[in-house]
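Fit chains B and C to the known structure of chain A by using the hints.
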Amino acid sequence: MQNKSLDLSIEELEETIQTLNSTVWEDQAQKEKLSAWLSNFNEPNYGNLNEQKLHAMYLLSQFMYFGIREIRELMRHLYQESFKYPLIRHIRKTNGNIKDLDFLYQEYEEILRKSRFLGMGNPSESGAHLLYYFRQENKLDKDLFINALDIFDNYSTGITLKDPQIENYVFIDDFCGSGKQAESYSEKILTALKNFKPTCKVYYFLLFGTQKGIEKIKSSTKFDHIEAVYSLDESFKCFSDDSRFFIDGMYSNISKDFAKHIFESYGSKLWPAHPLGYKDGQNLIGFYHNTPDNTLPVIWFNEDISKWKPIFKRYHKLSQ
Amino acid sequence: MEKTENPFGITKSVDFSDTEINDYWVDLQNSSFYNIIKPISPMPMILLGGKGSGKTHIVRHFSFSTQLLRIKKNSKSITSGITEDKYIGIYYSLGGLNEGRFSGKGINLDIWEVVSTYYMDLSIAQKTMETIIQIKDLTDIFDGKEECVCSEILDLFNKPINGLELTFNSLNNYLKELRKEIDFKVNNCVFINKLEVNILTTRGSLIFEIPRIIVKSVKELFEIKFLYIFDELENASIELQKYIQTLIRERKDPCAIKLSGRLYSIKTYETFCSGEENKEGSEFELVEIDQILRKNTDYDKFSENICKKRLEKFDLVSNDISKSFENYTIDEDRLKKLNFGIDFIDLSSKTERKYVLKLKKQLLKFKKFNGEQISEICDNLECNDYPLIEKAAIYLFYQSWYKNRKLIEESKLIKNEVNTFLGEDYKNSGINKIFEHYKSDFYAQLLFEYNQKQRYLGFETFVKLSGGLPRNLLQILKHTYSHSLYLGEKPFNGNVLSIKSQLYGVKKASDWFFEDANIIGIDKNKVKNSINRLASFFREVRYSDKPSECSLIGFSFDETSISEEAKRIIRLAQQWSLLLSINSGRRDKNSKRVDESYQLNTMLSPHWDLPFSSRGTIPLSNEFVNSIFDENHSKDYQMLLNERILTMNAPFKQVYTSQQELFDEGL
Amino acid sequence: MKDYRIFFKDQLPLDKGTWEPEYDLFISSFNLSDRVEDVFSKVNAKDKHWIILPDYNISAVEFPEGQYYVSPLEQTSVYNESDVINDFYYKYLSKIESINIESKICIDITGFIKPYMMYLIALLKTLGYQCIDFIFSEPNYYSAKQKTKFSDESVYEVRQIYGFEGCHNPDTTNDILIIGSGYDDQLIKYISENKNMTKKIQIFGFPSLRADMYQENILRASKASDSIGRHCGNNPNNYLAAANDPFATAQVLKEICEIENNTERVSNIYISPLATKVQALGFTLFYLFEKDNYPISIIYPFCKTHSKRTSAGISRIWRYSIDFD
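Chains A, B and C, in that order, give the protein sequences. Using the numbering used here, the letters of the first sequence correspond one by one to residues 1 to 320. Using the numbering used here, the letters of the second sequence correspond one by one to residues 321 to 987. Using the numbering used here, the letters of the third sequence correspond one by one to residues 988 to 1312.
Chain A on its own, in the form it takes in the complex:
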């Protein structure tokens, strides 16, 4: 059955947003906040004001928000499906497909004891923050969690591995856009680590990564194993040719070009260097703990309330 092209109404969009608000959006878009955000779109030079509001609401209705519950679940999933159970299955395979759970768990514990989990970035950044949920959701011992500095030791006398027994280093991050940070880590930490212990395995686990970013990491870093729960291809770029948010002929009163025009126009006032998100990210994604800067600035810009009222605000890294 083909969808016929029809007009999308403001009422339908309001209904959608109300439902999202009371379910997965954790009340982030109450009516008052929504009205305040829509009032930002007040520049008649950019186009008919009602049209602007319609497009703003439309894109908002497509915004993907992952709340605390979902993030916790992703942490659980990441550990179980990317680390624990692949190892358990490997143990099975190398032991005649044994199904004895006690044996499997025991063998796995041995491996786990020689594994460490780390966050990406500065301890105050979200990667480290997520480790807390990662640990909690998976009921892991806190001794399994270290920060990057703890990999090495004897900084004064000469760098060595702090614990040469460790076989697996697992880095956890929430979002990877360009892959720059992972590259930097690879250069600074992994090179040395692999020198000291060539047999160790270094994992990079992500919740979300752009396809390009992931490919870059795979090709230009020393991470042995890279996995993203969600890989965002070009179709997740709001205004790309393949954009999944604008399907030809779906709604006769929604135009990708018009939406791009207004978001870019307002965006250029908010973040002139990156009006559609960092490095032209054009994303429509946010998490309970923050909104990545690859997402359209009109969604999150929070630097000056008199200038712009955000809907899913970002605690922006000022260095950027």
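Among the clues, some could well be false.
To be verified - Among the chain A residues that face chain C by a calculated CB cut under 7 angstroms, a handful are: (1) T23; (2) E73; (3) R89.
Derived by calculation from the structure, the hints in this document are not laboratory data. For each residue, glycine too, the CB sits at the ideal point set by N, CA and C.
Just chains B and C, lined up with the frame of chain A:
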């Protein structure tokens, strides 16, 4: 999906625990559900109700688990509590039989009949035993009697059962094992197309004899009735219903039987007794709970109490619920009241009213009046301070036009009527008579003409909309409350439910009601399309220049002349409470017509901007009824609709059977 | 089964010519999408067979290459899953001499309609087949068709799937219905209404196959919120299980049953997989392993016709290895 709990969030009693069934129980003031259900009456009862009529809440109220909680709360001994109640309620859900598995799989229908009825007997017996075990554990009435009761019950089995401990628990386990064995065989017979089940009791014996044995053996229970409540009748197949009808026919003391189900539940009245059919009034009593509620003068108070209970549970303000709804109802003088809710028209403005503009265009186009004549007419009909009076005046004018009267003269007469209405003697004014019927329609037309949403505001209106189904009221309130929270309001906490939230709640609930009729298969769309055609017709009438009926959502027709398919769809719509029967067919002695009258469920009104209470009904021709309800004739619908409303819109052409044109005489 | 997640699963390479290992028997249900034909050619098996289901109404000119069984039943006649699959097995498959219960079997579930797939698995298990591999290929999800329906929404019957009827209790005071909620809110409504007297618990596919699908799923399922009732949407009565993992699904089902039973003894459990086939596979597993431990059965809303061509393209191919021992 609420993060903050909504006091109206639970709309289905199935979501209530037993404690909540009691806590949220509200009885009718002028009669009571006890008198309606008659738990100890030997006459079997079939209790039918539309979705949301409260039927499940009612029957669960009589089940033993909730009985027990009430008895305990009243600090009585269990024994005295039961003897006071005079019954023990055994609640059994027919949906739990999962009957679909007792068919096909390469097994004969006859075998399935025997197996399924035997299985039902075992299940009910198990339910009964579990209740008896509860009573045994809480009282001493079975002390010293357990063995002999068990022994007698075991005698009901065709083969001797050795080695079983004579305790209720063992007996119950035995029943469980028998049942499980059948489950296993029935499940697996599909793989091998073979089924062998040993039938160990006579049909019905476990159901009637276990209670008989118990009351005979235990003096405290001597006068007690075992009240079997078989719920979800709609989930029982024809074959199983034959068995249930047989149980009704063969009912024995001390058993009472109540069946409960949706309006469309009954598939047969046939029994296994040589195909005899049970008859209402003879073998059973039929009670339709929503009809009772709808016609009950106490329904408003009943509805209010339902809401109050919920608000109290959430520590919210519950006295005088009506005041918690933002609307325009304020007591003031008669004429000022007419302008409430007409905030969208600037009374002081010189801009011509939309309905006046329309009239002018019509006069120009159809009557070929000149500018002066049109102005004279409009001046006569004018009542600038009260748009509703103007509407009424124009309505009278349209009536005159329809009757081919001299229009300028008529407009002068109408002016007098308007003046009379504005004065002390208003009751004798023609405007007053029109208002008594059409006021709400005029208001609706004004809202429509000025692009405003139709207004269904206030608690009383919500109650009327619910159409006798309490769940409908709860649905409206649930959505209203939820939207109110979304808007940042704090209703029932010193604040009111805004008009905006009420409009939202009503629309959402109305849309839900329409979509919710879960009719299986292709009939779903047929019924929905029919209702859509019917409601669209009512809408055309309401918003026409001269509606022939006021507050119209009812219609009548001659049942003998419409197609079978139309009858079938109407019946389905009724069974799903989309249509309500106003009277059952009155046969005209001479013509042999059987006139049926139906009304759209008021809950659907907001979906089509229709009135929330019904006044008249409109007689419809067979052709028109067929075109509405029979897909085979639906292509004629538009044409017949146009014909029908011809006389309601300027120039009010009459349709003669000879197709003769009417000449203008109005100058 | 205490931990379903130890079962093997792997991703099959899209670019490789054929896959290892070699199976004795490979079964696939034919529809007109590329995915099934592609996989059919890549799987390495001594004996490969198509089954052509009557519901797809595939005409003779569209029949595939290779060996196939076509159901003699007409799409318009009255039949059920056991009629079709019993015929397939007893009149066709079992005649293949080289096949016995020791055989290595692989089934591509991509083209199957859920009740048939599930009944086939139950039949094979009952007959003693122990180890079966299942393949599922994900389509390229980005397309407008993502938002359309895959089946004719004329639900004509809601009942237990044959072979999954279990053993229930007459006491219904604490019945639960676990719904694997997909995009189709109508199906959720039908199921909820059919088991009106139950507490409803939903399982949503999360992580979803694509980042936007979870939220879309929640939005659509919320249209059925009035049928779900009180327990709609609030944690912890919504559970999450990875959309492409039958083992995680089975494990979540187990978790739910344990939690519910610990809170208050459950009288009956009904489960209904309304989302993906992979989820349905998880439900199937759970039932087959746990049917003696819980009063459980699988119910389903049966539809008349199904689209024979769904999305195009393959994004990933999964293989799940199940061992019933």
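Hint by hint, here is what the structure shows:
1. The beta carbon of A:T23 comes within 5 angstroms of a beta carbon in chain C, closer than 7 angstroms, and the hint placing it at the interface holds.
2. Against a cut-off of 7 angstroms between C-beta atoms, the interface hint on A:E73 holds, since the closest Cβ of chain C lies about 5 angstroms away.
3. About 6 angstroms separates the beta-carbon of A:R89 from the nearest beta-carbon of chain C, less than 7 angstroms, and the hint is met.
Figure legend: structure checked against the earlier numbered hints; every hint is met.
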